[in-house]
Amino acid sequence: MNQIVLEHVTKSFTTKSLGTVVAVRDFNLSVKKGECFSFLGPSGCGKTTTLRMIAGFEDLSEGSIYLGGRLVSDKRKNIYLPPEKRELGMVFQAFAVWPHLNVYENVAFPLKVKKRPHSEIKKRVALALHHCDLDGLEKVYPSDLSGGQQQRIALARAIVVNPDVMLLDEPLSNLDPHLRESMRFEIKRLQKEFGFTIIFVTHDQAEAMALSDRMLVMDMGNIQQIGTPQELYHKPVNRFVHSFLGQSNFTDVVIRDGKAFLKEDESNLLFSGTSLDLKGDYVMATRPNAIDLNRQDGYKTTILKRTSKTDFMEYLVSVGKGSIMVQTPHRNFFRAGDPCFIKIKDPAWYKPEKKDIEEERERRNTI
Amino acid sequence: MFSRAINRDLAHLEGKGGFSLDRLMIILCYVALITVVILPVFMILYYAFWDGTKIDIAMFKQVIFQKSNIRSMWNTLVIGVFSTALATAVGVFFAWLLGRSDIPMKGLMKFLFSIPFMIPPFLAAMSWDMMFSGRGGYVNKALMSLFNLTKAPFNINSVAGIIVIEVVYYFPFVYMQVVSALERMDPTLEESARIAGASQLYVIRRITLPLTIPAISSGMLLVLITSLSNYGIPAMLGYSQSIFTLPTMIVELMNRAGGSFEGIRQSAALSIVLVFIVSIALLVQRRLLTHGRYDIIKGKSMRPMLIKLRGAKYPLLAFSLLFLSLIVVAPIVMIILVSFVKAYGLPFLAKNLTLANFRRIFVGNIMVRDSVKNSLFLAFSAASFCLLLGTMLAYVIYKVKPKGGTALEMMAVLPYSLPGTVMAIGCILAWSGAFFGITLYNTIWIILVAYIARYLSYVLKSSSAALQQVHGSLEEAARSCGASHMQTLKDVTLPLIKPAMISGFFLVFLPCMRELTTSILLYGPKSRTLGVAIYQLRINGQIAPAAALSVVTITLIIICNNIVKAITRDKKRG
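These protein sequences, in sequence, are chains A and B. The first sequence begins at 261 in our numbering and counts up by one. The second sequence begins at 10 in our numbering and counts up by one.
Everything labelled a hint here was simulated from the structure, so no lab data went into it. It is possible that part of the hints are untrue.
[Unchecked claim] Using C-beta positions, here's what the derived DEER-type ranges look like:
# : chain 1 : residue 1 : chain 2 : residue 2 : range
1 : A       : Glu398    : B       : Gly414    : 39 to 47 angstroms
2 : A       : Glu398    : B       : Gln477    : 24 to 32 angstroms
3 : A       : Ser277    : B       : Ile36     : 25 to 33 angstroms
Even for Gly, the Cβ is constructed at its ideal location relative to N, Cα and C.
Taking the hints into account, I'd like the entire structure generated from these sequences.
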């Protein structure tokens, strides 16, 4: 069953300096019950706007949103349910824990608003606090607690009403890296316990990869790709997705007869493969960890620079006027200036980006 | 039916159409501000340039070029410029001494600096007059008998006297601005100059001073604006020698006119001159403030390296303490002493002391008793109204953000930059039957309206500062928890800004308690305020009872001030 459905959702707004900006364009998505779904993208891509439309803090320009089969937003039918009636749990980036209420009062707030009997409030708050590892802190005020604890209050406040849907708006980005890891685990555990559906907004690819059952990558208001983390990493549909998940090299090439030549020097053969049946100008996308660096086989070049990383060696090798990054195990050792060969495995091919896309990106960056 | 309810929510989200809480608040704000602020201001312009049938500039010209008025303009400017320059010098010196040097007893000195803020300027002026008035000032008399002088050595009832008292009263404005800038200044800015080889004096001259110039100039302009529109000090000190400034001249014209149309028009015209002069100063201030070139603020205060005064330490300390006790402690002591003396002018000997002054003002003096009641009533009601309206305004401007938000804010802060005298003239013109036949003149209500207009911006400032601290997600979190807009306001937003609201209340309450400038023009037979009562006692020569009532007023102010401190200290949860 689909818990959250968005159909043709579009959001545009007009500003004095930029004219009309389409923040989200024709967004279609179905999220299954119990799924953990991430929205990933750079800042300003429209992921938070989409989340806020689901929560009811923003109106739609077009399209409709269903929550648990109930139509909650539809511009044309003039339907809009305010946030307090959507029965969601939500956790914000800045925690949004009320500083004038203590931990107990913060977590009890949603139940008090719903006018639940006192005994029930007490029981459910205690349970929520226990699940979020906040036992014994009932009377403490948030300002006396750490960032991680404050975010757990926000989590407890969200789960206390047992919502079907949990909206998480970059909940971990204000925490230090170590805490982030354990909170990620915490959220997964709570989801298993309570079975809610999660929409998780983040710009951190590692977070999205680790948490999600499925995810989507957005850019400039458009969904670029929807799929499992593995699909998105291994089969990115365009250059943007390729660059946003994991590390990438992009090289301009010309393809003739199953062979890819450097764009700037069309006699310089970079890659050939039996399955390559494209023709013309392309961008070759490679992963630094999917390039074989050796002393006898492939494209002949030299090492420009070597950097030691904790788990691998990183080499910059020259390719034409540009360069390509290669990651290999430590034992595969070269010095800067050494001659070498690289053999590229499973590259992806993309049509060069059109000028107007670049311009649009430029325009949005000025927002 | 269901879909209609939904429509309303959608309209609300878009901020248009339909009836909602936000809309109601926007309308209320406009109505209140137009009534309280725009009508009086409009009436001044109307009366200055409209003779009943046509636009008339002749009268305006005549008022401007009248000799006595030119004289008062000149006095206003001379007093403004000189007191500003001197107050700045004194203020910067003490700010540096307390902010950057190792002078001892800083706590005591800081406390002494805060005292002038508590005493109304006209009371301070009155006390100085008791000491240094040319005819019977106690200090003058003492000096004359001590050195066998035939003439009083000081005459405070002069332009120079007014300047000195304004300096004494206003230099803490500069001090406060500069000392807080020094405290927030990143000490590494100065330390790196020392590392680069600059001497201590060089660092002060080329690093510290230039970096504090924005603070110095903003304090300076604050002094200038306050001095230009001050009524109490020139009225207390200059009246007997017919030394007038623009604010006192406006009041004088109003009194002479005795309610005649021509007289009211003349004071309205003079008000416009005063507003013009003050607005030039305000424009300069606005330019300087938006010109925030130096970003020296580094969040938390840091421990700056203190400069060792070495040999100069104790002489400077002695000088500072002497200076501070002369300008801060002496006036208070003087006023207390006079309040116990049988008749002003008698020496302070045991046989001349009495409690009769206090008895006289409380027993059998209906005017004084009324004035205490009136001032308490006015201060309480004005503070409550300002609290309500100011917080609503802050919410509308910073959270609802309607199209005309800037206009609302400008309307609300306009009276703050208008001299109190001018605001009072506007109130008289607007509420003497000009609109809907409402006549508030001579009643306590016209004073209330004027107080609300004058002090509204105080609450607006404190509440909006607090509201801007309330992150939008705190309210959204409540909405996503199922709370309605109204519930969110009640349970989240208002409790969060409660400390600011309480201090906003007292920010209005305290100045209302000691107000003189507007009430002197607006009071009626039954609506005298404390300030008016003291002023009238003093003018009628009942100087000792005036001192007694002053002591009562100062005590009331100190009590209220301590209540504020006690309340605002308890803001751990805020």
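### Task
Give me the numbers of the hints this structure contradicts, sorted from smallest to largest.
When the structure is compared with the hints, none of them turns out to be violated.
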